[in-house]
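Chains as they are written, first to last, in the numbering used here: chain V, 27 to 376; chain Z, 27 to 376; chain W, 27 to 376.
Hints are computed from structural coordinates only; laboratory data are not their basis. Hints may be right or wrong, so weigh each one.
[Unchecked claim] Calculated pairs, EDC-like style, for lysine to aspartate or glutamate (alpha carbon to alpha carbon, straight line, at most 20 Å): (1) K265(V) x D345(W); (2) K29(W) x D232(Z); (3) K350(W) x E229(W); (4) K350(Z) x D367(Z); (5) K29(V) x E323(W); (6) K29(V) x E229(W); (7) K29(V) x D232(W).
These numbers come from a predicted model, not from an experiment.
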Amino acid sequence: MEKAGRGRYFEDFAVGQVLRHAVPRTVSGGDVALYTALYGGRFGVQSSDAFARAIGYERSPVDDLLVFHIVFARTVGDISLNAVANLGYGECRFRAPVFVGDTLAASTEIIGLKENSNARTGIVYVRSSGVNQRGQVVLEFVRWVMVQKRDPSVPAPKTVIPDLAPGVAPELLGEGCPVLDIANYDTTLAGSPDRWGDYGVGERIDHFDATTIEEAEHQMATRLYQNTARVHFDALAQKSSRFGRRLVYGGHIISIARALSFNGLANAFHLAAINAGSHVAPCFAGDTITAWSEVLERAELAGRGDIAVLRLRTIAAKDRSCEKFPGRRGDKGYDDGVVLDLDYWVALPR
Amino acid sequence: MEKAGRGRYFEDFAVGQVLRHAVPRTVSGGDVALYTALYGGRFGVQSSDAFARAIGYERSPVDDLLVFHIVFARTVGDISLNAVANLGYGECRFRAPVFVGDTLAASTEIIGLKENSNARTGIVYVRSSGVNQRGQVVLEFVRWVMVQKRDPSVPAPKTVIPDLAPGVAPELLGEGCPVLDIANYDTTLAGSPDRWGDYGVGERIDHFDATTIEEAEHQMATRLYQNTARVHFDALAQKSSRFGRRLVYGGHIISIARALSFNGLANAFHLAAINAGSHVAPCFAGDTITAWSEVLERAELAGRGDIAVLRLRTIAAKDRSCEKFPGRRGDKGYDDGVVLDLDYWVALPR
Amino acid sequence: MEKAGRGRYFEDFAVGQVLRHAVPRTVSGGDVALYTALYGGRFGVQSSDAFARAIGYERSPVDDLLVFHIVFARTVGDISLNAVANLGYGECRFRAPVFVGDTLAASTEIIGLKENSNARTGIVYVRSSGVNQRGQVVLEFVRWVMVQKRDPSVPAPKTVIPDLAPGVAPELLGEGCPVLDIANYDTTLAGSPDRWGDYGVGERIDHFDATTIEEAEHQMATRLYQNTARVHFDALAQKSSRFGRRLVYGGHIISIARALSFNGLANAFHLAAINAGSHVAPCFAGDTITAWSEVLERAELAGRGDIAVLRLRTIAAKDRSCEKFPGRRGDKGYDDGVVLDLDYWVALPR
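In isolation and in its complexed conformation, chain V is listed as follows (with noise of 0.2 Å):
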């Protein structure tokens, strides 16, 4: 039976340890047809090999949360198996274009431990990276999971919380976007006039859009990433769970956010890097899910004449309109409802 792996547990992991991760995954023109299917996505550059073509890509690159997914999902086996939840995750940049044809693969170093007082459990900090098929790196992000003791007797290692960034500089983006013949990008096919520089600082936005999740739809997602988490697939298992029934990949929340922003932020075409995220609430099929954005900051990138960047706060939230712009309340946590908050930059044109 010990062919059959159950994951890790906290006390499997020791700091500096580094997992290299099961199994590549090339990704296809049906990965981004499925994508485009689950989520519905409308950025004019991931859309439209002509439309990448004409600003200077040699086609469309595959969107950036599909190759996050697949990064992450690679990583799942060997950290998240038996995760209790997944705190956050900061320090993520996406540092090279991925095109349909490319292999990723990933690797994970543990960066930090901490076991609860409860001593059953305990918070596992990682850094994933994903590269292609020649060695680049794509993607890396930091992650921080609490994950169960197998035995709850085990002395608690030695506490290690490595020192995080608050957000990713400005001069580290950029890298995953190729410069751009930026005079051919056609703002009206895009589907919005606002370049970089119609956004101002505090500025907020209602996406408006909704959309409902279906079992089916999660699952078909999930299992496309090959995220193998039991939690989201075993309804009888669910039953006996605190939440009785099937929970919805967090990564799926991202990526549903992701496409309702398109109305308005048509122009961001690039996720540049994510500053920091957590899943404020579980999701369920049902769910209808809503979304706004604020503008945090706007950068220039040293030398980039073509995209700039703005730095974007994204709520969402379930079975609510966003049109009050649901948050966090200061120290009383979040409005009802709320289930993401993700804080990242994006790249438009100038």
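With chain V's structure known, arrange chains Z and W on it following the hints.
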């Protein structure tokens, strides 16, 4: 908040206006696979590159209705986000085959306007066309939709009702299908011995098969086309609509009916034109769709010894068999359960 | 009405009859992506072109069971539209790898007939084969199905029961897998250190993971294969069936079990043959599937130092864990919940 569009209202349209739509879309083999998974189409020309090559195509063309849905979806954001109902289609011609790798873009001219007597809604007549990356028109069609007014007090525009042909004349058909080596068309492999000459005017065919609609299926289909009409995706908002639930995109029913029609029309591989179409009743997840067809007319195509066309009327119904050919009862409307009445031309080998 | 087929009945079959099936099907990268989204398969050879190339493939071959389902589906319209039950499989050999771009066609010979004593149904034994566009046999298998008689008064045909091998002899295996540079097979990337030599006869593996079936998923899978058996799609007609609801295509369960088996058999990348298989009980949407496997036999392949084969028996069950290895209780049938009993050969690196 104005950056996120809510769509045009009746008073935002003017006859003669031309709208260039976002977002261009490259058609991939993944789109074709999803279309098969969603409808189960089996026409030999579209199913097999080898079959298509044997009769002179470079490879399988993309299913005509997939092209229709992709072009149609591009128009939704500018035309019908605030539509109450999609009233009808006409003058729809498939003018050039589309292949995997082609990029489709769309534009629309407003050709008619008529405010309703309630001053709350009006009918907008539009002619839309889809072009490929070489600027070649692949599809054009007229549709008319009832659209809400933002402000009932705005005066009505001058009524302009376009003069539409009752159907597409046979002389205009055939562009969408290259001249074929029809001697190499293998009817056994295609699934039926019945060629064009085997169908008689007045002949009725019950397609016998049936398919039950799931929420995940119609949502994935509609998002695949990048159709953004919120009524298909937002269960929460739809709760307070007159239907109480998500509405299935009408084109989804057309594609189901077309796939069902394979059983009885296996050699009708090319949809050459749609003369007229109306969605008689709305459809919802859980509905089981059946269909039957009648041959209305037969026509040869000038200079074409390879193919000829049948004018068909296909009726789709829900939650009942089509054994008794439900349809229109003169002036009294339709028999119970009828959801679609489609009048179109298909090409078959002679 | 005769143009729309209703399928053959028992009295329409004769031993020796050969049927060339409609419709050929080109396999695309989109089909492969959908197959991943539907089952979540993770075998390295099929998941990564780079992994496949490292060991000598030109690129990833298509999953063997996807090939099986596509070939099987072609036979349904001619063989089993009026089947009461799919009774069993045997002598199934995967004889050549299939790659994206290949076109599959199928034909079937009737090799046996036995009318049941009730004179209302009979058993039809068939040998089907799938060929690629070069005429190379990629797959062959025998199956036997119970088919309805149209007219019970038609006299019974002469009983012919084919002499079937109890399993596929190891000498017949290996054609479906080219000779590989097995030194380049990276077991870490593949997800398990366990090679052929690490499995012992009698060893049992609980695959631990589980997946809950959704209507949209099994329908999309079955339509992807172009399997047209109405019982899978028509909820309305199924309401009055003995089950009261749509029946899941048996092959869907085989693919779920195979994907679950990755956890414990990550290096068993090629399905070389199916010796015997039976669907012990029907499955429906909502069922949660689990699986376990036993090693029945080990064999080397003549002249092959790269791979060797294990004969496995995989049991799938529903709505129960496989921790206690549910199976056959001698003559008393199966333990509660067992739905599939599959005896097959897989190839692993030595």
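Against the structure, the hints come out as follows:
Restraint check for K265(V) and D345(W): the C-alpha separation of about 11 Å stays at or below 20 Å, so the hint holds. About 9 Å separates the Cα atoms of K29(W) and D232(Z), which keeps this hinted pair within 20 Å; it holds. Between K350(W) and E229(W) the alpha-carbon distance is near 14 Å, which keeps this suggested pair within the 20 Å criterion. Annotation: proposed proximity of K350(Z) to D367(Z) holds, straight-line Cα distance about 16 Å (limit 20 Å).
For a cut-off of 20 Å, the pair hint linking K29(V) to E323(W) stands: about 18 Å separates their Cα positions. For the given pair, K29(V) sits about 10 Å from E229(W) by alpha-carbon distance, which is consistent with the 20 Å threshold. For the proposed pair K29(V) and D232(W), the alpha carbon gap of about 9 Å is at most 20 Å, so the pair holds.
The earlier numbered hints are all upheld by this structure, with none contradicted.
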